[in-house]
Amino acid sequence: MNMTMPIQTPQRAFAVGAPILELDSISLRFGGVKALTNISFNVLEHEIRAIIGPNGAGKSSMLNVINGVYVPQEGSIRFQGERLAAMTPTRAARMGIARTFQNIALFRGMSVLDNIMAGRTLHMHANFLEVAFRLPRARREETEAREKAEEIIEFLEIEHIRKTPVARLPYGLKKRVELGRALAAEPRILLLDEPMAGMNVEEKQDMCRFIIDVNDHYGTTIVLIEHDMGVVMDLSDRVVVLDYGKKIGDGTPAEVRANQDVINAYLGVAH
Amino acid sequence: MEDFRFFIEVLVGGLLSGLMYSLVALGFVLIYKASGVFNFAQGSMVFLAVLSFVGFMELGLPFWAALPVTIGMMVLVGMATERLVLRPLVGQSDTTLLMATIGLAFIIEGVAQIAWGVDVRRLDLGIHDEPIMWLADNFEILISQLDIAAGIVAGLMVVALALLFSRTKVGRGLRAVADDPAAALSIGIPLSHIWMLVWATAGVVALVAGMLWGARSGVQFALVLVALKALPVLIIGGFTSVPGVIVAGLIVGATEKVAEVYIGPYFGGGIEGWAPYMLAVLFLLVRPEGLFGEKIIRRV
Amino acid sequence: MFYREAGQFHTSYAQDTQLFPLRQDRVGMAITLLAAFALPAVANDYWLSAILIPWLILALVALGQNILMGYAGQLSLGSAGFMAVGAFACYNFILRIDGIPFVLAVLLSGVCAAIIGIVFGLPSLRIRGLYLAVATLASQFFIVWALDKFGWFKNYDTSGVITTQPIIIFGHNFATPAEKYWVVLVIVAVLTLLAKNLARGSVGRAWMAVRDMDVAAEVMGLSLLRTKLQAFAISSFYCGVGGALFAFAYLQTVEPSAFTIDLSFRILFMVIIGGLGTIMGSFLGAAFILLIPVFLNIVFHAAFGHHVDSTLTSALEQVIFGATIIAFLILEPLGLARLWQLTKERLRLWPFSH
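Chains as they are written, first to last, in this note's numbering: chain A, 1 to 271; chain B, 1 to 300; chain C, 1 to 354.
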C-alpha cells in the first residue's frame, strides 16, 4: 500500500462501471411524517457517491432504506439489476452491503481487534461445536479472520491500539475502527454515515485518505453521507442532494455546486 | 345458580387480592417514575415495614404510635438507599440498577430477620376473616369482611396516589423529574426533596400493603414472594402507568384465582404460583409496551 | 519475578491465538490442573464433599449464567430452574434407560435443559432487560412447580424426594468423596475449556456483538434470533449439566424445592462478584459465595461457642451478600476477575512499573 499517494489519482485501479444499486421512487413515512418523498438515484460500481443535505433532509433515512433498517412504503430497490421486494439488514449484509453509523455503534466491551474480527461474521461458517472443539474449519477461519483483520489494522494505521478496548479510544479513532469493522466484511458496497462528523481537520484528512484508498485498493463502491459540503466535493464522483426528504440535485460535484436549488437550500432561502 | 355464586365468590376474591397487588406495584411505579430505578427491593420493604410495625407493637407501642414510628423508619431506609446505593450508580444501565436493588433486597430481608426474628406473627386489625352476613343471608355469597376491608383500603390508597400524581404540585414535579432530572433541576425543582418524598410515600405504600397482606395471611417471610407478584402486574400495566397498574392488578388477581380454582385441580393445584408470570410473558409477546404504555420506536 | 514474557515471540497468528500465549500461564495452568487432581491426597472428606465439589459444580452453573448474561447480555433470573431440569432429567435417564452410561446421561440432561432454555429464551427476541428478567422468573416458578406436581418426574415417590442412583462409569462405582470429586473435576474442566474456546472464537464475538450493539450486529449479517437462542441453549446446557452433577455428586437426595429462586439469585451474585463476561470470574465468584457462609460459621463458633442461632447466621449471610453485590457494582463492576487481571499485569511489570 503506497501511503504517499496523492489524494486524486489520475488513473484509478477500478474504473467506474455499470449501476450496481438503483433506487426507484422511494417514499418513507413515520406515522404521518414524510421522511423521504419519491426519491430515485443510482450508484455505479466502484464509484464514490455522496448524499448531502442540511439537517433533517432525510440522509440517514436514505441510508437506512438502502440496508433494510427501514422499509419504505413505496418504491423499489434494485441490486445488480435484480429487484428486491423487502430488504432486511441481514439480507443487505449477505449481498455485500456494509455500513458505519452516525453515532458510533462499536461493540463497547470488545477490543479493537475483536471488533474488526466480529465484522467478518458472514465469512465464519463453523458452527458452535466446531468452534468449541477447535476443529479444523473453525481454526482455519479464525486464522484467516485474524490475517484479514491485521491487514485492515495495518491499512488504517491502528496497530498500536489493536488490543485496546474500544470504549477507551478517542472519537476519531473510534470512527476509524468502525470503518475497519465494516471493511472486514469485504463488502461490495460500503455505506458511511457521516464518517467525518465531529472530527478536527487533521482527522478529516486522514479519513478522506482512507476512504479514497479503500475505493482504490479494494474497488469498493462507497455511498457516503456528509454534512460538510467542501469535503464531499473533493472526495466524491457524484453527489445526490436531499432537502426536506426530496431530491433537489444530482450530478458531479461541479454540477451540483452550480445548481440554484442546492445553493438556496444551503444558504437558507425561504421555500 | 350454585355454580354461578361460587364463581362470583372466586372472582371477587381474586379482584380484591388483585387490588393489593396493584398497591404493591404502585410502590414500584412511584420509584420508577421518580428515579428510573426498578426497585426490586419493594417486596422486601413491604416485609420490613409490616414486620417492624408488629415488632414495635410487641415492644409495647400502641397502634397509633407504632404507625408513625414505622413510617419514619421506612423514610430513613429510603433515604439511605437513595444516598448509598442509587446515587453512586447514577447513569448506569437498567440492568445494573436492577441487580443493585436485588442486593438491597437481600440486605433488607437479612436486617429485618436479624432485628425481629423469623417467627410468623399475627396482625389483628380488628376486622375478622369471616363472611359478610348480609351477603351470605340474602344472596348466599360468601365474601370475607377482611377481604372487603382490605380491598377498600387498597382501593382508597390507589385513588389517593393517582390523585397525588396527576393533581398536585408535587406530582407534577415528580413527572418532570422522571422525564429529565437535569432539566427539572435547572427550573428549580428540588430533586432531593422530591426523592425523599417519593421514598417516604413508597414506604407508606409498603407498610399499608404489608399490613393488609399480613392481616390476611400472617406476617412472615412469604410476603416477599407475594410482593414479587407485583412484577407481572407491572409488565402488563406498564412501568409508568398508574391506571395501567390498577387494571393489571385486577386482571392478574382475577385470572390467578379463577385459574387456580377451575384449571388448577387438573394439575394438582398450585398454579397461582406461576400463572401471573406466564400471563405476563404471553402479554409481552403481544403487547410489549404494556396495557397503556406508549409504543417505543427505536431509531438508528 | 518469574512472570516475564521477554523473549517469547509469536511468529504466526495461529500462535498468537493460543489459549495461553505466555509460557508462564501454560505452566501455571498445568500445575493447577495437576494439583487439582492430586488434591484428594491432602483434603479431608469434609472439604471435598462440602466445599470443593459444590464449588466446581456451582462454578460450572455460574459459567452457564455468565455465557447468557456476561457474554450475550441477556438478563436471566432462572438458572436454578434449568439446574432442576438437569437434575431430574439425569435421574430419569438412568432410571428408565437400562445401562445408559453416566456421562451420557449427564450430557443428555444438559441437552434437555438446553431445549427448555430455548423455549423460555424465545421471548428474548421481542423483549429485553427488566422485561426479560420477569420472563425468566416465569421459567423459574413454572419448572419447579411442574417437577413438583407431576409425580412421573420423581418416579411417583410418595415423599416427593428422589434419591439419586450411584455414579457408575465403566463398571466402577464412584462412591467416595474423592472419586466423586474426580468425576466432577474432569467434566467441569472439559466443559470450561470448551466454553473458553466458544468465548474467544467467532461464537463469543457474536454474543458480545449482540450484547453491545444489536443493531450493528444485525447490519453485519448476524441473525439475532440464532445468536440469542444459541446463547440461551448453551447457557442452559451448562446449568443442566451443573444441576445433574449437583444432584448426583453433591445432594444425593433431591427435591424440586432445592432449586428455588434464592439459588438463582446466588448464582447471579457469583457472576457479578466474579466478573461478567469472564470464565475465571465464574470460578472466583462461586468460591466467594460458597466460602462466606463457611467463614461466618467459623467466626461465630470462635466467638460464641456452640450456641449460635443458625437463622441469625443465615440472615447475616444475606446482608453480607447484598452489601457485597452493591459494593462490587459501585466499586469494581468487572468483579474479582478484573482484580485478578490487574494483579497479573502488575506482576508482569514488577519491579519496573514505571
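These are computed hints drawn from the structure, not numbers from a lab. Be aware that a few hints might be false.
[Stated by the list, open to error] No farther apart than 30 angstroms at their CA atoms in a straight line, the calculated lysine-lysine pairs in the DSSO-like style are these:
| id | chain 1 | residue 1 | chain 2 | residue 2 |
| --- | --- | --- | --- | --- |
| 1 | C | Lys196 | A | Lys163 |
| 2 | A | Lys246 | A | Lys204 |
| 3 | C | Lys149 | A | Lys163 |
| 4 | A | Lys204 | A | Lys163 |
| 5 | A | Lys174 | C | Lys196 |
| 6 | C | Lys149 | A | Lys174 |
| 7 | C | Lys196 | A | Lys148 |
| 8 | A | Lys174 | A | Lys204 |
| 9 | A | Lys148 | A | Lys174 |
| 10 | A | Lys163 | A | Lys246 |
The model shown is predicted, which means the values in this text are computed figures rather than measured ones.
Problem set entry | Structure versus earlier hints, numbers of those that do not hold, lowest first | As far as the earlier hints go, 3, 6 and 10 are violated by this structure, in ascending order.
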